[in-house]
Amino acid sequence: MAMLEVNNINVYYGSIHAIKNISFEVNSGEIVTLIGANGAGKSTTLQTISGLLRSKTGSITFMGKNLGGIAAHKVVSMGIAHVPEGRRIFQQMTVEENIEMGAFTRPGNEYEQSVQNVFAHFPRLQERRKQIAGTLSGGEQQMLAMGRAMMSKPSLLMLDEPSMGLSPILVDEIFEIIKAFHDSGTTILLVEQNANKSLAISGRAYVLENGKIVLTGTGKELMQSEEIKKAYLGG
Amino acid sequence: MEFLSYLISGLSLGSVYAIIALGYTMVYGIAKMLNFAHGDVIMVGGYISYIAVSYMGLPGWVSVIAAMVVCTVLGVLIEGLAYKPLRAATSLAVLITAIGVSYFLQNSALLIWGANFKTYPSVISGTLNLFDNRLSIPYVSMLTVVVCIVIMVGLTLFTSKTKMGKAMRACSEDKGAAQLMGINVNRTISVTFAIGSALAAIAGVLLCSSFPILKPTTGSMPGIKAFTAAVFGGIGSIPGAFLGGLLLGVIESFAKAYISTQLANTVVFAVLIIVLLVRPAGLLGKYVPEKV
Ligand SMILES: Nc1ncnc2c1ncn2[C@@H]1O[C@H](COP(=O)(O)OP(=O)(O)O)[C@@H](O)[C@H]1O
Ligand SMILES: [Mg+2]
Numbered sequence: 013m014a015m016l017e018v019n020n021i022n023v024y025y026g027s028i029h030a031i032k033n034i035s036f037e038v039n040s041g042e043i044v045t046l047i048g049a050n051g052a053g054k055s056t057t058l059q060t061i062s063g064l065l066r067s068k069t070g071s072i073t074f075m076g077k078n079l080g081g082i083a084a085h086k087v088v089s090m091g092i093a094h095v096p097e098g099r100r101i102f103q104q105m106t107v108e109e110n111i112e113m114g115a116f117t118r119p120g121n122e123y124e125q126s127v128q129n130v131f132a133h134f135p136r137l138q139e140r141r142k143q144i145a146g147t148l149s150g151g152e153q154q155m156l157a158m159g160r161a162m163m164s165k166p167s168l169l170m171l172d173e174p175s176m177g178l179s180p181i182l183v184d185e186i187f188e189i190i191k192a193f194h195d196s197g198t199t200i201l202l203v204e205q206n207a208n209k210s211l212a213i214s215g216r217a218y219v220l221e222n223g224k225i226v227l228t229g230t231g232k233e234l235m236q237s238e239e240i241k242k243a244y245l246g247g
Numbered sequence: 659m660e661f662l663s664y665l666i667s668g669l670s671l672g673s674v675y676a677i678i679a680l681g682y683t684m685v686y687g688i689a690k691m692l693n694f695a696h697g698d699v700i701m702v703g704g705y706i707s708y709i710a711v712s713y714m715g716l717p718g719w720v721s722v723i724a725a726m727v728v729c730t731v732l733g734v735l736i737e738g739l740a741y742k743p744l745r746a747a748t749s750l751a752v753l754i755t756a757i758g759v760s761y762f763l764q765n766s767a768l769l770i771w772g773a774n775f776k777t778y779p780s781v782i783s784g785t786l787n788l789f790d791n792r793l794s795i796p797y798v799s800m801l802t803v804v805v806c807i808v809i810m811v812g813l814t815l816f817t818s819k820t821k822m823g824k825a826m827r828a829c830s831e832d833k834g835a836a837q838l839m840g841i842n843v844n845r846t847i848s849v850t851f852a853i854g855s856a857l858a859a860i861a862g863v864l865l866c867s868s869f870p871i872l873k874p875t876t877g878s879m880p881g882i883k884a885f886t887a888a889v890f891g892g893i894g895s896i897p898g899a900f901l902g903g904l905l906l907g908v909i910e911s912f913a914k915a916y917i918s919t920q921l922a923n924t925v926v927f928a929v930l931i932i933v934l935l936v937r938p939a940g941l942l943g944k945y946v947p948e949k950v
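Top to bottom, those sequences are chains A and B.
Residue numbers for the first sequence follow our numbering, beginning at 13 and rising by one.
Residue numbers for the second sequence follow our numbering, beginning at 659 and rising by one.
Treat the hints with caution; some may be incorrect.
Unchecked claim - In silico DSS-like pairs for lysine-lysine, Cα to Cα no more than 27 Å straight-line:
(1) A:Lys165 with A:Lys77
(2) A:Lys68 with A:Lys86
(3) A:Lys165 with B:Lys821
(4) A:Lys242 with A:Lys224
(5) A:Lys86 with B:Lys819
(6) A:Lys142 with B:Lys742
(7) A:Lys86 with B:Lys690
(8) A:Lys142 with A:Lys77
(9) B:Lys821 with A:Lys68
(10) B:Lys690 with B:Lys819
If you're looking for bench data, these hints aren't it; they were derived computationally from the structure.
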């Protein structure tokens, strides 16, 4: 049984049918990527898994439990952390307060160890722990969003376009950190438009177009596929 | 000496506005709605403590606690029954509902307690006489200012130091992201209404202790003034509500003394308009441009 099983979900925004009968799975220990152009439905899919949106039909199960009808704030304590598109850190709170919010569902006595673990991955956050988060650079905000998510000790980490708007050096850094999280035992569901880098680190990937999955395969297979090269890898 | 006496009564009145404004501003900050029924919760607080003292013979401080308990329950009920179902509705629908709740509370009070006003027994009587009796300060004025400062400091510590307080700030910035942290947004909003309504009860007792006329519309005007104070200081900001309330009270008191009793409210609202022209976000409010 896969860790995350998405079965035939359909998601609507009013009359807009954004996700059309999507099914996919993520096994424990994998890095799985959803790639697709802007508007394909990647973010909608992640938001449906984390409970911010509801699917009209179909089901989502995580570690054998049905997520249907479970409130978003309860999904976190089941072991899913979601770093949303655009980071959505709490701009007016300090770096440290953001990190504390990430640990909201965890017992207080494990806080010190979790925060040290996050600072080990992101030393820059430690230097800036008292700074107001809105004054961080884009790359630092992404690191904060990822560090904050790790504070809930997720088994599955979902990342929505973590490389968006970052310089090539920072993109490399973010991908290194994703690999490090994966090496430390976290299963990753990644959403990216940067197909090159994400396929390179993914075991498997799904290609989304207009709310449908049109292609799936291992990261290597998809990197060599002519269609993918044309559409997402710049020829 | 007269000046000092007007200043003190202005600070005392302003403290009542500030306590009400703190409730307004917290609810606005977290639920992003103007709870126009907030002023009427003050009135309910006044009646409850009046009944506790006048009919049940309970001591003043017990009546305050009784008013706080009843208003807290009332606030949570109002939120749960009237506002929560409208979480996804337009802000206009929520605003109209809030006005409806306000009329509902006023008319319920009319039905239960009648139209005749009650003379409210102050929770604390007596005056402090200074300078050969040339300056006399009612104890209730001093109490009001002290209570206001304690509440303001308490709320500041609560929102900056406690887990629940920080969760409130997180909800106020981004409810979706707060849910992704595991924060129960509905519960956080309920707690905010509970705190705001308990403060309204305290404000009701202090207001009626200074101005002992209690009737079903007692809360309306102070409610509107406190809303003004919250906007004046910067809606959503706790120090803003405090400063806005105090300034509004002092301006009103001086306008009554030196300009005209009839024109006092005109002066108050004129100052508000000027401040908002110069600083659209209020004195301490942050102008946050919409992020795309
Ligand atoms: N809040 C919304 N209201 C209405 N339509 C939306 C909303 N969010 C996304 N959509 C639509 O749903 C589709 C999928 O969007 P999204 O999941 O954000 O795509 P992606 O993340 O792949 O860029 C798009 O057609 C988009 O216009
Ligand atoms: Mg997206």
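Here's how the hints hold up against the structure:
1. A:Lys165 with A:Lys77: Roughly 18 Å between the alpha carbons, so the hint for A:Lys165 and A:Lys77 holds.
2. A:Lys68 with A:Lys86: The hint holds at about 20 Å.
3. A:Lys165 with B:Lys821: 18 Å, holds
4. A:Lys242 with A:Lys224: 19 Å, holds
5. A:Lys86 with B:Lys819: Status holds; Cα separation ~24 Å.
6. A:Lys142 with B:Lys742: 35 Å, violated
7. A:Lys86 with B:Lys690: It holds: about 23 Å lies between the C-alpha atoms, which stays within 27 Å.
8. A:Lys142 with A:Lys77: 39 Å, violated
9. B:Lys821 with A:Lys68: Between B:Lys821 and A:Lys68 the Cα gap is close to 35 Å, so the pair fails against 27 Å, i.e. violated.
10. B:Lys690 with B:Lys819: Holds. B:Lys690 to B:Lys819 sits at ~22 Å (cutoff 27 Å).
Comparing the model with each earlier hint shows violations of hints 6, 8 and 9; every other hint is respected.
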